[in-house]
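Chain A is already provided as a structure; the job is to place chain B on it using the hints.
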Amino acid sequence: MLPLIEWLSQTPLSLAIQTREWVVPTIQSVHIVAIGVVVASVFMIDLRVLGWAGRDQTLVETVDRFGPWLSWALGVLLVTGALMVIGEPARELLSFSFWLKMTLVALGTVIAAAFQIALRRNQQRWEESLIERRATKSLAIVTLLIWAGIIVLGRLIAYDHIWGAWSLAPKA
Amino acid sequence: MGIADLLAALEASSIATTIRESLYLFPFIEAAHVIGLTMVFGTIAIVDLRLLGLASARRPFSRIASDVMRWTWAAFALTALTGLLMFSTNAAVYYHNLFFRAKMAMLACAGINILIFGRTVGRSIQQWDRDVAAPRALLQHGRAARGWRRGRRRP
Numbered sequence: 001m002l003p004l005i006e007w008l009s010q011t012p013l014s015l016a017i018q019t020r021e022w023v024v025p026t027i028q029s030v031h032i033v034a035i036g037v038v039v040a041s042v043f044m045i046d047l048r049v050l051g052w053a054g055r056d057q058t059l060v061e062t063v064d065r066f067g068p069w070l071s072w073a074l075g076v077l078l079v080t081g082a083l084m085v086i087g088e089p090a091r092e093l094l095s096f097s098f099w100l101k102m103t104l105v106a107l108g109t110v111i112a113a114a115f116q117i118a119l120r121r122n123q124q125r126w127e128e129s130l131i132e133r134r135a136t137k138s139l140a141i142v143t144l145l146i147w148a149g150i151i152v153l154g155r156l157i158a159y160d161h162i163w164g165a166w167s168l169a170p171k172a
Numbered sequence: 001m002g003i004a005d006l007l008a009a010l011e012a013s014s015i016a017t018t019i020r021e022s023l024y025l026f027p028f029i030e031a032a033h034v035i036g037l038t039m040v041f042g043t044i045a046i047v048d049l050r051l052l053g054l055a056s057a058r059r060p061f062s063r064i065a066s067d068v069m070r071w072t073w074a075a076f077a078l079t080a081l082t083g084l085l086m087f088s089t090n091a092a093v094y095y096h097n098l099f100f101r102a103k104m105a106m107l108a109c110a111g112i113n114i115l116i117f118g119r120t121v122g123r124s125i126q127q128w129d130r131d132v133a134a135p136r137a138l139l140q141h142g143r144a145a146r147g148w149r150r151g152r153r154r155p
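Quick mapping for you: the protein sequence lines, in order, are chains A and B. Numbering follows our numbering, in which position 115 of the first sequence is assigned residue number 115; successive positions increment by one, without gaps. Numbering follows our numbering, in which position 23 of the second sequence is assigned residue number 23; successive positions increment by one, without gaps.
Only chain A is shown next, with the shape it has when bound in the complex (with noise of 0.2 Å):
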C-alpha cells in the first residue's frame, strides 16, 4: 500500500489539489450533496416497498421515478470520492473506516443493481407478490441500514483512531 500512496501523492493531479486549499472542502462539499440524493432516493424507494409512502404508485413507478437519480448521484459520489482518494491518499488508503465503507459501498452497489435487473425482467410478479414477501421488506431495511453504515464510516475516516489497533494509520 505504501509504494502507492507515494506514487499517488506525486501524481500531478495529486499534487494540483494539496497545494489548493479550497479544492478538498470543495469536493467533500459536492460529496456530501451527492449522498444525500442517493440516500433520499433509495430511502423513497425502501418506503415503497415497506408500504410506508408512494402507495398511490406501483413499484415500478418508484423506482423510474428515483432510480436514474441513484445511478447518476453514486457516479459523482464514485469521481468526487476518487479525486479525494488521489488528493489524500495515506488519509483514505490507511484507514479501517475507508475499506469497511468500500465493503459496504459494493455491496449497497450490488443490491441496487440487482434490484433493478430483477424488477424490469418480472415487473408484474414483483408488484403482485414478491413486493409482499417478508425477505424483500427485509432486504429494504438492511439497504437503509448499508448507506447510513456508509455515511457514518466515511465521518469515522476522519477519526480511525477509534479503531485502535484496526486502524492503518501510522501511530503517533
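Bear in mind the hints are in silico, worked out from the structure with no lab data behind them. Since this is a predicted model, take the numbers as computed values, not measurements.
Going by beta-carbon spacing under 8 Å, a handful of chain A positions derived as facing chain B:
id: 1; residue: Ile-32
id: 2; residue: Ile-35
id: 3; residue: Val-39
id: 4; residue: Ala-40
id: 5; residue: Met-44
id: 6; residue: Gly-54
id: 7; residue: Asp-56
id: 8; residue: Ile-151
id: 9; residue: Val-152
id: 10; residue: Arg-155
id: 11; residue: Leu-156
id: 12; residue: Tyr-159
Mimicking SDA-like on lysine to any residue, the simulated pairs with C-alpha atoms at most 25 Å apart in a straight line are:
id: 13; chain 1: A; residue 1: Lys-137; chain 2: B; residue 2: Trp-71
id: 14; chain 1: B; residue 1: Lys-103; chain 2: A; residue 2: Val-24
id: 15; chain 1: B; residue 1: Lys-103; chain 2: A; residue 2: Val-33
id: 16; chain 1: B; residue 1: Lys-103; chain 2: A; residue 2: Ser-29
id: 17; chain 1: B; residue 1: Lys-103; chain 2: A; residue 2: Val-152
id: 18; chain 1: A; residue 1: Lys-137; chain 2: B; residue 2: Arg-63
id: 19; chain 1: B; residue 1: Lys-103; chain 2: A; residue 2: Pro-25
id: 20; chain 1: A; residue 1: Lys-137; chain 2: B; residue 2: Ala-74
id: 21; chain 1: B; residue 1: Lys-103; chain 2: A; residue 2: Thr-26
id: 22; chain 1: B; residue 1: Lys-103; chain 2: B; residue 2: Asn-113
id: 23; chain 1: A; residue 1: Lys-137; chain 2: A; residue 2: Gly-51
id: 24; chain 1: B; residue 1: Lys-103; chain 2: A; residue 2: Ile-157
id: 25; chain 1: A; residue 1: Lys-137; chain 2: B; residue 2: Arg-70
id: 26; chain 1: B; residue 1: Lys-103; chain 2: A; residue 2: Trp-22
id: 27; chain 1: A; residue 1: Lys-137; chain 2: B; residue 2: Met-69
id: 28; chain 1: B; residue 1: Lys-103; chain 2: A; residue 2: His-31
id: 29; chain 1: B; residue 1: Lys-103; chain 2: A; residue 2: Ile-32
id: 30; chain 1: B; residue 1: Lys-103; chain 2: A; residue 2: Gln-28
id: 31; chain 1: B; residue 1: Lys-103; chain 2: A; residue 2: Thr-80
id: 32; chain 1: B; residue 1: Lys-103; chain 2: A; residue 2: Ala-158
id: 33; chain 1: B; residue 1: Lys-103; chain 2: A; residue 2: Val-23
Ideal Cβ positions, reconstructed from N, Cα and C, are used throughout, including at glycine.
Frame of chain A; chain B shown alone:
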C-alpha cells in the same frame, strides 16, 4: 450575562464535557448529523423538484408532501439536536467562525422561506395541487402580492 458568558457556560456544561472527553461520542454524533442533513437535503429536493414540475410532475403535490415532509422534519430534528451538541463542545470557536455564521444565516433564510410558503401559495394548494408546475400559482401569488403592496402604498 453576555454572549461570551453564555458560550462559556455551554462549553462548561456536563454534557459538553462528557462529549469532549469521550473518544467515540463526537465522531458518532457528527456521523448522525451527516445522516440527518443528507436526509433533509434529499427529501427537500424531492418536494422542490415537484414544485418546479421537473420530477414526479404527474403526482399531486400534496401526496408527495405528505409522503416526504414528516421524514424531513424528523431528520431536521436529528440534525439540529446533534448540531447543538457539537456546538456546545466548542461554542466560542464555532460562534466566531465565519462559515458557521453564514450557515446559520442560510438556515434562517430557509426558515423564512417555509414561513412565506405556508402563508402564501401553501394556502391555496387545492387550486394547483395537480398542476404540472407550481410557478403559475406562484406567479398569481406574486401578482397578488404586488397588488397588495401597491394597495397599501396608496394613501
